[in-house]
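Asker: For reference, the chains in residue letters:
2 protein chains.
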Amino acid sequence: MNGAESLVRTLVAGGVEVCFTNPGTSEMHFVAALDRVEGMRCVLCLFEGGATGAADGYARMADKPASTLLHLGPGLANGLANLHNARRARSPLVNIVGEHATYHRQYDAPLTSDIEGLAKPMSAWVRTGLSSAEIGRDGADAIAAARTAPGGVATLILPANTAWDPGTGIAPVPAIPERVKAGDEALREAVKALSSGEPVLLHLGDKAVRKEGRQIADRIARKTGAKLLAMTSNARIDRGVGTVPIERLPYPIDQAIEALKGFRHIILIGATQPVGFFAYPGKPSLLAPEGCRTITLATPEQDQIDALERLAEAVNAPEAALPDLGIRPEIPTSEKLDQDAIGAVIGALIPEGAVICDESLTTGRNYFGLTKASAPHSWLQLSGGSIGVGIPMATGAAVASPGRKVINLQADGSGLYTVQALWTQARERLDVVTVVWSNRAYAILRGELANVGAHNPGPKAIGMLSLDDPAIDWVSLARGFGVDGRRVETLPAFIDALKHGIAEKGPYLIEVVL
Amino acid sequence: MNGAESLVRTLVAGGVEVCFTNPGTSEMHFVAALDRVEGMRCVLCLFEGGATGAADGYARMADKPASTLLHLGPGLANGLANLHNARRARSPLVNIVGEHATYHRQYDAPLTSDIEGLAKPMSAWVRTGLSSAEIGRDGADAIAAARTAPGGVATLILPANTAWDPGTGIAPVPAIPERVKAGDEALREAVKALSSGEPVLLHLGDKAVRKEGRQIADRIARKTGAKLLAMTSNARIDRGVGTVPIERLPYPIDQAIEALKGFRHIILIGATQPVGFFAYPGKPSLLAPEGCRTITLATPEQDQIDALERLAEAVNAPEAALPDLGIRPEIPTSEKLDQDAIGAVIGALIPEGAVICDESLTTGRNYFGLTKASAPHSWLQLSGGSIGVGIPMATGAAVASPGRKVINLQADGSGLYTVQALWTQARERLDVVTVVWSNRAYAILRGELANVGAHNPGPKAIGMLSLDDPAIDWVSLARGFGVDGRRVETLPAFIDALKHGIAEKGPYLIEVVL
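Just so you know, the sequences run in chain order C and S. Plus 23 on top of the position in the first sequence (first one is 1) and you've got the working numbering. Plus 23 on top of the position in the second sequence (first one is 1) and you've got the working numbering.
Bear in mind the hints are in silico, worked out from the structure with no lab data behind them. Mixed in with the good hints there might be a few duds.
Said to hold, decoys possible - One-sided and incomplete, this derived list gives chain C residues near chain S with beta-carbon spacing under 7 Å:
1. V54
2. L69
3. P197
4. Y440
5. A473
6. P493
7. S499
8. D507
9. V511
Claimed, not checked - Computed Cβ-Cβ distance ranges for the label pairs, DEER-style:
10. S:R128 / C:D361: 36 to 44 Å
11. S:H478 / C:E61: 40 to 48 Å
12. S:L309 / C:D137: 18 to 26 Å
13. C:D137 / S:E336: 19 to 27 Å
14. C:D131 / S:H478: 23 to 31 Å
15. S:K284 / C:A156: 31 to 39 Å
16. C:P312 / S:K143: 36 to 44 Å
17. S:R64 / C:D137: 53 to 61 Å
18. S:G470 / C:R452: 27 to 35 Å
19. S:R64 / C:K204: 53 to 61 Å
20. C:D131 / S:G470: 18 to 26 Å
21. S:D519 / C:A156: 40 to 48 Å
From the three backbone atoms N, C-alpha and C, an ideal C-beta is built for every residue, glycine too.
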């Protein structure tokens with residue numbers, strides 16, 4: 024057994040069952056070992072951002088890490104943007120990067136680069152393997168690091184000779200530390216705020232925003248009059264019928280400031296303090312109103328469910344029926360593709376158990392609200408602002424969720440960063456409907472030009488935000504990658520296409536021309 | 024005038040006339056400034072690897088830097104793989120990366136990351152702007168850093184407030200140091216080797232492998248009996264009729280070792296010592312035969328042409344007529360798409376002044392030899408082994424070379440990393456023919472599996488190297504990005520398609536099914 028086989032056996036024994044890969048020469052022994060070990064599904068990606076984004080989507084749905092397998096510094100580099108999103112989503116992820124043999128690095132061959140230097144900004148843990156005898160243990164440590172709360176990217180750099188020299192078999196995964204409980208002092212502060220009679224916000228993120236956390240938070244809110252609000256970007260919210268609805272802090276800075284106006288206390292549970300997504304001239308970085316006090320009840324590292332339960336007990340919040348979600352939208356009968364009508368269609372058609380991947384950005388700002396009373400589903404968002412996660416995330420979510428329909432709501436500009444992931448959906452026969460909002464622009468930036476004070480943009484600036492010359496033909500792109508699809512320009516055509524995509528198994532793409 | 028306008032004016036005054044960009048919110052003031060400043064062509068890319076690869080191709084043809092404009096850490100990350108190639112090609116390049124306002128960084132907004140950390144591995148120079156009053160000077164320093172021999176990637180990080188706060192106008196570019204001359208001791212060593220009667224190799228890279236350097240090296244070789252050999256990967260070789268032909272050190276390790284066998288002295292002029300592209304079990308990292316002495320006459324930083332001239336004078340090498348290039352290939356009349364026939368077609372049809380971008384990898388190993396007697400042309404290669412440079416490099420080369428036909432010889436697996444760059448070719452009406460060698464595999468890795476000793480690969484391993492399920496439809500992909508094209512499966516069809524692509528203006532794609 025060589026080092027590569029030790030590593031693969033260790034990964035499988037440690038619960039890592041999927042490898043999203045785009046390998047090269049230095050990774051060939053790892054690839055060869057896959058045929059000698061049962062239990063590892065290997066998913067080929069045409070581009071590394073597809074692999075890392077898929078591993079993120081997988082982790083969000085499976086609540087455990089997949090691995091990647093990337094080729095040296097440049098392969099890692101191509102995966103970093105979606106590792107950034109995974110880092111912000113706190114997705115557990117074992118990121119394996121091939122490297123030259125340890126003795127070969129000194130000669131600065133063309134593909135040599137500082138892999139640790141590249142990995143550190145986007146990783147919670149980085150290690151370069153030193154020998155084939157220890158590479159299994161390194162893999163086990165990587166799994167533990169990825170799974171340690173709050174979850175993170177563990178990058179293991181695998182020199183070629185640590186893969187081909189003799190290995191030592193399966194290494195056990197070290198014990199993973201329990202989540203630390205929230206402190207009593209923070210709990211007392213939160214109770215005091217909730218008893219003050221002043222407006223209080225329970226700001227939920229991470230695990231606290233999942234189904235169970237919202238249910239407890241809702242009891243606290245009903246008892247105390249506090250409001251609930253999720254962060255702007257959330258890794259996963261399980262929602263729809265049978266769950267507590269929640270709104271999110273809006274992305275546009277003026278709306279975000281407005282949403283927080285009037286609160287005197289913000290209690291953070293799994294959330295971080297509200298800050299501007301960007302800085303804007305003359306606007307604050309910190310969004311809470313002046314004089315508002317922020318109390319961190321539970322950080323993302325801590326046990327947020329325990330903290331919520333203790334808080335509910337401390338304020339004597341009784342068990343409660345679920346709040347009324349309102350009526351599930353009906354399919355509109357209009358012709359026009361306006362956003363309310365589109366959102367209503369989505370709200371009406373989401374099938375039970377669906378996984379929604381949301382990289383719809385400007386187009387989809389009201390879809391979240393219009394789907395709150397839909398059939399139960401999971402909602403995954405772009406978490407770190409690094410656009411190009413949608414198609415890969417949907418790919419990984421589908422691998423993690425057999426039997427569940429994945430619907431990817433995809434802005435066109437963002438989708439073009441990692442469009443190659445459509446091919447992996449075709450190759451793996453994944454059950455994903457990609458809906459592309461084809462507005463043929465970086466629409467979000469048109470608003471941002473004004474927000475940063477760059478008014479009256481000239482033709483060059485406007486040109487840099489336009490994708491209409493030539494217009495992208497998404498149906499051709501999908502066909503090129505082996506995915507069937509159609510283009511729609513009216514609401515009835517969209518309804519028909521979405522019904523078709525949901526009913527059929529396998530990948531399908533709908534280009535919605537806006 | 025704000026900082027962004029100071030920077031753009033400084034760039035234009037410093038000879039930076041093109042910006043390859045994929046901007047975001049933090050770069051909006053730079054984008055807005057483009058309309059207030061004459062002389063900067065702004066080329067929009069759908070993906071940052073397209074921008075950096077294009078800037079590399081531009082620099083190779085223009086011999087001066089373009090700038091990029093990328094969005095924060097993730098945008099830089101997406102551009103790093105082709106910055107790696109630019110670094111290995113020693114292309115001058117001003118790499119501008121937007122960043123949060125200086126006062127906003129501390130709040131760790133979702134898009135925050137360690138941009139300097141990401142930039143350093145692929146940059147010769149990195150600086151984060153501190154104030155709008157100094158950002159023009161920072162830009163001028165970046166130009167100087169990019170242009171200082173041997174040429175490199177200068178990364179300037181541009182916090183949003185250094186762009187929107189008041190600027191101070193055009194900053195002059197500092198004096199760029201002259202290339203250092205080769206030392207007399209190295210010259211004496213080289214002369215001694217050439218006078219020893221033992222076999223000597225003149226190994227050429229960087230500027231020494233360009234047209235003028237080869238001509239001087241050829242005189243030395245004829246006088247002394249030394250052989251000439253270029254590096255495996257070269258940024259640019261101007262070749263064909265009217266130039267000295269040169270072979271390259273082969274990529275496959277056994278062939279590379281064979282090519283160097285018997286030499287007792289290797290004189291490096293702009294080249295680095297021959298090392299294995301990868302390490303392979305049981306094969307050496309250093310490829311020169313045992314007992315062979317390596318003499319560095321001129322490093323890539325030094326004045327290689329001066330070193331060659333002094334060496335020619337020292338060995339009394341007379342002026343000489345150009346060596347015979349042999350006969351330009353004729354168009355074969357066979358049907359079959361074998362590599363010799365394809366190479367002959369290319370050799371026959373290359374138009375005068377063409378720029379060939381070569382990322383053909385396994386498919387194209389004999390194209391270089393078969394084009395040595397073609398009409399004069401420039402040959403640009405993948406320089407750092409980071410695949411996915413071809414389509415972007417052709418894009419940038421075309422921007423730098425109006426009136427010259429660009430032909431991109433593109434392996435299919437590699438082309439899929441940055442296929443989005445086809446759209447920029449369509450948008451800018453660039454005169455590029457992309458020829459995709461559609462073997463539907465990572466063919467190079469099939470050989471590498473055996474080379475690293477992973478024999479008898481199983482179905483999973485073979486699956487990870489196969490791109491045939493489903494087969495990529497390149498003509499559909501091209502159409503999706505607004506580029507016309509056709510698929511060919513016979514040699515006559517290829518000949519017809521290549522003639523058409525060369526005759527017509529604008530981008531065209533030919534998928535050659537192998």
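Asker: None of the hints should be skipped; say for each whether it holds.
Answerer: Now for the hints, and whether the structure bears them out:
no. : hint                        : verdict
1   : V54                         : holds, 5 Å
2   : L69                         : holds, 5 Å
3   : P197                        : violated, 28 Å
4   : Y440                        : holds, 5 Å
5   : A473                        : violated, 9 Å
6   : P493                        : holds, 3 Å
7   : S499                        : holds, 4 Å
8   : D507                        : violated, 11 Å
9   : V511                        : violated, 17 Å
10  : S:R128 / C:D361: 36 to 44 Å : holds, 39 Å
11  : S:H478 / C:E61: 40 to 48 Å  : violated, 21 Å
12  : S:L309 / C:D137: 18 to 26 Å : holds, 22 Å
13  : C:D137 / S:E336: 19 to 27 Å : violated, 41 Å
14  : C:D131 / S:H478: 23 to 31 Å : holds, 30 Å
15  : S:K284 / C:A156: 31 to 39 Å : holds, 36 Å
16  : C:P312 / S:K143: 36 to 44 Å : holds, 40 Å
17  : S:R64 / C:D137: 53 to 61 Å  : violated, 33 Å
18  : S:G470 / C:R452: 27 to 35 Å : holds, 30 Å
19  : S:R64 / C:K204: 53 to 61 Å  : holds, 59 Å
20  : C:D131 / S:G470: 18 to 26 Å : holds, 23 Å
21  : S:D519 / C:A156: 40 to 48 Å : violated, 59 Å
Hint check: violations occur at hints 3, 5, 8, 9, 11, 13, 17 and 21; the rest are consistent with the structure.
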